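My request is simple: use the sequences and hints to build the entire structure.
Positions 243 to 637 (my numbering) are the ones given, in order, by the sequence shown.
Calculated directly from the structure, the hints in this document are not laboratory data. Owing to the predicted nature of the structure, the values given are computational and were not obtained by experimental measurement. Warning: the hint list may mix true and false statements.
Derived BS3-like pairs (lysine-lysine); straight-line CA-CA distance at most 27 Å [said to hold, decoys possible]: (1) K386 - K529; (2) K250 - K262; (3) K579 - K536; (4) K320 - K386; (5) K536 - K386; (6) K320 - K250; (7) K262 - K510; (8) K320 - K262; (9) K544 - K579; (10) K544 - K485; (11) K320 - K536; (12) K269 - K320; (13) K485 - K556.
Just the calculated beta-carbon pair ranges, DEER-fashion [stated by the list, open to error]: (14) I596 - D557: 26 to 32 Å; (15) D297 - A393: 16 to 22 Å; (16) S437 - G545: 24 to 30 Å.
Glycine is no exception: its CB is placed at the ideal position from the N, C-alpha and C atoms.
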Amino acid sequence: NTNRNHVKVRFDYQINTRNKVFYTMSKEQNWGVTGQTGLPAYPNGYFGEVRREPDVYSGAWTSTGCSTLLHEFRAGIKRDSWVGWSPFHVGCCYNGPSDGDISDTSKEAQATFPKVLGNLFYLNAGMGLGAYSPFGVAAPRYSKSPLMQLADTLSWTRGAHSLQGGFEATFANSSQSNTGGAQTTLPNASLGVGSIPVPGVTTTRFRGLNPSDITTVQNMLATLSGSIASFSQQYFINSPDQKTWSDFRETLSFARDFHQNDWAAFFKDNWKVTSNLTLNFGIRYDKYGTPYDKSGLGVRPKGGQAGLFGISGKDFNALWNPYAAAGSPTLVEFAGKHSPNPNTLIYQDDWNNIAPSIGFSWNVPWFRRSTVLRGGYGINYTGAPTFLQFSGNIG
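Here you go:
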């Protein structure tokens with residue numbers, strides 16, 4: 243069940259005969275119950291909630307300097323927002339432990355479970371019994387991924403040449419806060435037998451008990467008596483300067499804010515050589531930046547790519563060689579802006595993307611009917627945010 247509200251706005255204004263501007267907005271909010279929030283398997287159970295709020299804003303200023311000169315500046319931003327709550331935290335706790343603003347149904351759901359230090363202690367029944375208030379979806383968590391772009395273009399007609407040049411910059415980031423998926427940061431216990439079997443449950447002592455049902459009976463007995471088979475709790479850091487681990491007592495979630503900045507410039511010329519032949523020349527340059535974590539928690543193998551090969555060596559010469567031992571154990575270090583090593587990048591910026599292009603358009607004169615022959619060749623580069631994540635000891 244999903245509810246959806248959507249609104250669009252466009253605004254155009256002619257400032258004078260040479261200048262005009264426009265602005266557009268598209269904004270949406272949809273929310274409801276989905277499998278991502280956990281669907282209760284018990285009648286009259288408790289539901290979580292997911293909210294999505296995508297929005298797009300763009301604007302442009304167009305200026306005509308003279309009859310042969312046109313200037314256009316454009317700016318835009320799109321944001322994809324996603325927020326999810328399990329049945330226990332609907333409406334709360336983005337960045338802290340307070341439960342004061344959770345919904346009434348969440349308070350009701352939490353009241354059916356024990357608490358540790360005032361926080362929910364979730365008990366998972368196991369045995370495939372389902373749950374009237376599922377917790378494996380973890381909560382609360384959100385993802386906000388804005389993408390902003392600025393572009394400026396100048397077009398100029400002179401004689402047989404139509405010239406155009408421009409510049410654009412792209413700023414991408416993804417801010418995420420989560421509670422670790424199914425490995426929630428809150429204490430989570432699974433009921434059942436665990437590694438120690440329940441004594442006394444045998445076919446001899448229980449007449450009519452099939453040998454294949456012994457494990458099921460043991461698990462049922464352990465579950466009904468509240469015996470814990472396993473327990474999990476996640477510890478984490480939200481800053482490279484932390485000396486101790488954070489847990490649910492400080493905040494329910496750990497946050498990351500990834501960024502990547504790119505820019506490009508181009509120039510092209512459409513040259514009308516004759517009334518029948520037009521040549522197109524162009525060149526574009528793209529620079530793709532290195533992603534970084536604004537919280538300073540970006541990491542990379544110490545020593546860069548050479549550090550990936552571990553004890554075997556420092557390059558692919560060690561591949562398929564069981565006796566290779568020219569390297570050293572792989573260590574992981576903080577890297578990137580805002581980290582303890584701001585001058586150490588996860589990998590180097592990409593500076594060598596020069597993309598030329600050439601084309602033609604020829605109106606073949608000796609055909610009775612109008613026939614145009616076109617051709618061209620060009621090189622293009624593309625890039626997208628690439629966020630790397632490592633797990634290991636920080637060296």
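Each hint tested on the structure:
Taken as a hint, the K386 and K529 pair is honoured in the structure, with Cα atoms around 25 Å apart against an allowance of 27 Å. Restraint check for K250 and K262: the C-alpha separation of about 20 Å stays at or below 27 Å, so the hint holds. Distance restraint check for K579 and K536: the Cα-Cα separation of roughly 7 Å lies within the 27 Å cut-off, and the hinted pair is therefore satisfied. Our distance criterion of 27 Å between C-alpha atoms is met by K320 and K386, whose separation comes to about 10 Å.
Annotation: proposed proximity of K536 to K386 holds, straight-line Cα distance about 14 Å (limit 27 Å). Using a Cα cut-off of 27 Å, the hinted pair K320 and K250 holds, with the two alpha carbons roughly 14 Å apart. For a cut-off of 27 Å, the pair hint linking K262 to K510 stands: about 25 Å separates their Cα positions. Of the pairs offered as hints, the one joining K320 and K262 holds, with about 23 Å between alpha carbons and a cut-off of 27 Å not exceeded.
A distance of roughly 16 Å separates the Cα atoms of K544 and K579; the hinted pair therefore holds under the 27 Å criterion. In summary, the hint linking K544 to K485 is supported, as the alpha carbons are separated by about 21 Å, within the 27 Å threshold. For a cut-off of 27 Å, the pair hint linking K320 to K536 stands: about 20 Å separates their Cα positions. At roughly 10 Å between alpha-carbon atoms, K269 and K320 fall within 27 Å of each other, so this suggested pair holds.
A threshold of 27 Å between alpha carbons decides the hint, and for K485 with K556 the separation of about 32 Å lies outside it, so the pair is violated. Under the hint 26 to 32 Å, the C-beta atoms of I596 and D557, about 28 Å apart, fit the expected range. The hinted range of 16 to 22 Å is satisfied by D297 and A393, whose Cβ atoms lie roughly 20 Å apart. In this structure the supplied range 24 to 30 Å is violated for S437 paired with G545, their Cβ-Cβ distance being about 41 Å.
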